[in-house]
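Heads up: the sequence shown at position 254 corresponds to 254 in our numbering, and the numbers run straight through without jumps.
No lab work stands behind these hints: they were computed from the structure. Among the hints, a few may not be true.
Subject to a maximum C-alpha distance of 20 angstroms in a straight line, what follows is the list of computed EDC-like cross-link-like pairs (lysine to aspartate or glutamate) [as the list claims (entries may be wrong)]: (1) Lys173 - Asp216; (2) Lys83 - Glu28; (3) Lys152 - Asp86.
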Amino acid sequence: MFVLLTNDDGISAEGIQALVAEFSRHHEIAVAAPDRERSASGHAITMDRPLRARPVEQIGLAWAISGTPGDCVKLALSTLLPKRPDLIVSGVNRGPNMGIDVFYSGTVAAALEGLLNGVPAVAVSLASYAADLDYAVAARVARSVAERLYQKSALSRTLLNVNVPYLPQEKIKGVRSTRLASQHYQTAFEARQDPRGHTYYWLVGEPLPEVGAGEDTDIAAVANGFVSITPLGLDLTDFDRLNELRSWSRNTGVL
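Can you make the complete structure from the sequences, with help from the hints?
Written out as structure tokens, the structure is:
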């Protein structure tokens with residue numbers, strides 16, 4: 001299996017280094033990752049300046065790219081790679097990507113870019129912000145999920161969003177197939193002053209408690225010690241509202 005590894009924490013991040021160590025022992029790999037931290041960049045792509053791809057020889061077939069996670073995958077698939085990858089694995093992210101996090105996450109966006117180009121993908125995150133994280137267990141989970149996905153031809157156009165609880169492997173209770181939770185964040189910015197006396201704003205909002213969270217959500221699974229696997233798709237259509245909107249076209253009050 002030929003696997004493209006990427007992330008949003010940057011090519012020097014410990015999470016992607018753990019993926020390199022784990023996957024390179026079993027599969028052919030290439031790496032295309034941002035040259036710096038690009039967390040929460042969503043699915044942005046660069047259109048206002050050129051991209052630069054610096055080879056990283058100590059990793060092997062690898063590039064540090066001066067763009068977003070989406071740029072990295074787009075450039076790798078279209079230009080840099082000698083052949084099409086069988087799978088894309090994005091991560092291991094420092095911190096979870098659950099619920100509405102997926103709309104902001106560069107980790108998930110990199111995997112989505114693969115899916116947009118017809119390449120199945122896995123986005124994997126370690127659900128902790130603790131200091132000195134050990135990513136080895138999450139990397140092993142990522143490889144296991146990737147190999148299972150590769151073997152399932154029916155899932156050839158699939159993105160799996162994987163969140164791993166920060167526990168020793170023997171204490172992880174298992175795997176749950178989940179839906180996205182609906183947890184939201186408090187939107188708050190703290191006003192601060194720079195050394196020249198100019199005001200700037202720093203995002204400080206915290207997650208809000210989820211009301212009525214089901215046991216089938218990603219957040220609940222990880223909180224209970226399970227690996228969460230959520231399939232994500234490209235179609236954002238709200239089908240519950242679509243029929244209601246169709247009635248608009250049957251009256252003349254809109255136009």
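Against the structure, the hints come out as follows:
1. Lys173 - Asp216: At roughly 15 angstroms apart (the allowed maximum being 20 angstroms), Asp216 and Lys173 satisfy the hint.
2. Lys83 - Glu28: holds, 11 angstroms
3. Lys152 - Asp86: holds, 12 angstroms
Of the numbered hints given earlier, the model fails none.
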